[in-house]
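If you read the protein sequences in the order shown, they are chains L and R.
Read in order, the letters of the first sequence correspond to residues 9 to 127 in my numbering.
Read in order, the letters of the second sequence correspond to residues 38 to 143 in my numbering.
Derived from the structure by calculation, the hints contain no laboratory data.
Each hint should be verified, as a subset may be incorrect.
Just so you have them, the derived chain R footprint on chain L, three or more residues with Cβ under 8 Å [said to hold, decoys possible]:
#1 48-56
#2 115-125
When the alpha-carbon atoms are kept at most 20 Å apart in a straight line, the in silico SDA-like pairs for lysine to any residue are as follows [as the list claims (entries may be wrong)]:
#3 R/143 x R/52
#4 R/82 x L/111
#5 R/76 x L/115
#6 R/55 x R/44
#7 L/73 x R/131
Note that the structure is a prediction, hence the values are computed from the model and not measured.
We put the CB at the ideal spot given by N, CA and C, even for glycine.
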Amino acid sequence: EVQLVESGGGLVQPGGSLRLSCAASGFTFRSYWMHWVRQAPGEGLMWVSRINVDGSSTTYADSVKGRFTISRDNAKNTLYLQMNSLIPEDTAVYFCARDPYGFSPPDYWGQGTLVTVSS
Amino acid sequence: EIVLTQSPDFQSVTPKEKVTITCRASQSIGSSLHWYQQKPDQSPKLLIKYASQSISGVPSRFSGSGSGTDFTLTINSLEAEDAATYYCHQTSSSVTFGGGTKVEIK
Numbered sequence: 009e010v011q012l013v014e015s016g017g018g019l020v021q022p023g024g025s026l027r028l029s030c031a032a033s034g035f036t037f038r039s040y041w042m043h044w045v046r047q048a049p050g051e052g053l054m055w056v057s058r059i060n061v062d063g064s065s066t067t068y069a070d071s072v073k074g075r076f077t078i079s080r081d082n083a084k085n086t087l088y089l090q091m092n093s094l095i096p097e098d099t100a101v102y103f104c105a106r107d108p109y110g111f112s113p114p115d116y117w118g119q120g121t122l123v124t125v126s127s
Numbered sequence: 038e039i040v041l042t043q044s045p046d047f048q049s050v051t052p053k054e055k056v057t058i059t060c061r062a063s064q065s066i067g068s069s070l071h072w073y074q075q076k077p078d079q080s081p082k083l084l085i086k087y088a089s090q091s092i093s094g095v096p097s098r099f100s101g102s103g104s105g106t107d108f109t110l111t112i113n114s115l116e117a118e119d120a121a122t123y124y125c126h127q128t129s130s131s132v133t134f135g136g137g138t139k140v141e142i143k
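Input sequences plus hints: build the corresponding full structure.
Here it is as structure tokens:
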């Protein structure tokens with residue numbers, strides 16, 4: 009069974025940092041592109057970042073570029089999102105999702121982890 | 038950035054009624070348009086990919102159509118379990134989502 013389990017969310021002050029993790033199981037993690045997508049409370053979905061199968065190619069939404077870094081450890085079947093210089097507008101549930109081909113719709117999503125940026 | 042505009046924002050529908058949700062792209066995206074369903078406190082579920090391709094396990098009452106800039110998600114004979122927010126999503130140029138359409142059961 010495909011499973012994606014996010015962790016690392018919590019309350020952080022503006023300007024702070026947080027690292028999210030996404031533990032993958034039930035599929036060959038190293039063969040899939042991966043995404044982070046977030047959803048602010050009561051709002052819609054917003055794509056955050058994408059990484060290719062070996063981590064050599066990454067892309068970001070303009071709103072997080074220069075502050076967030078996506079990475080992966082294929083040996084540990086884990087995806088990461090390092091978030092720096094956090095602002096209140098980053099408050100959201102963060103989902104990881106797998107993408108079979110790199111420019112295809114994510115077919116499995118985790119349950120998400122809540123990040124709250126507030127003083 | 039390609040902007041996806043969904044309409045309506047909200048729809049209240051009677052069971053067994055037909056539901057039509059539209060998604061318009063700010064520029065042509067071919068058929069790189071996909072549809073998700075999200076129920077409260079759940080993660081999104083892929084319903085339709087590449088405008089009209091069905092997904093295994095998704096009920097046949099869900100269908101998609103369109104190409105270029107105009108796309109439609111149709112739910113034939115709505116069931117109570119279909120109460121959710123529906124999002125369109127494009128992968129033609131970078132990645133963006135529509136604003137969502139909330140479907141409520143009357």
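Verification of the supplied hints:
no.: 1; hint: 48-56; in the structure: holds (count 4)
no.: 2; hint: 115-125; in the structure: holds (count 5)
no.: 3; hint: R/143 x R/52; in the structure: holds, 8 Å
no.: 4; hint: R/82 x L/111; in the structure: holds, 17 Å
no.: 5; hint: R/76 x L/115; in the structure: holds, 16 Å
no.: 6; hint: R/55 x R/44; in the structure: holds, 15 Å
no.: 7; hint: L/73 x R/131; in the structure: holds, 14 Å
Taken one by one, the earlier hints all hold for this structure without exception.
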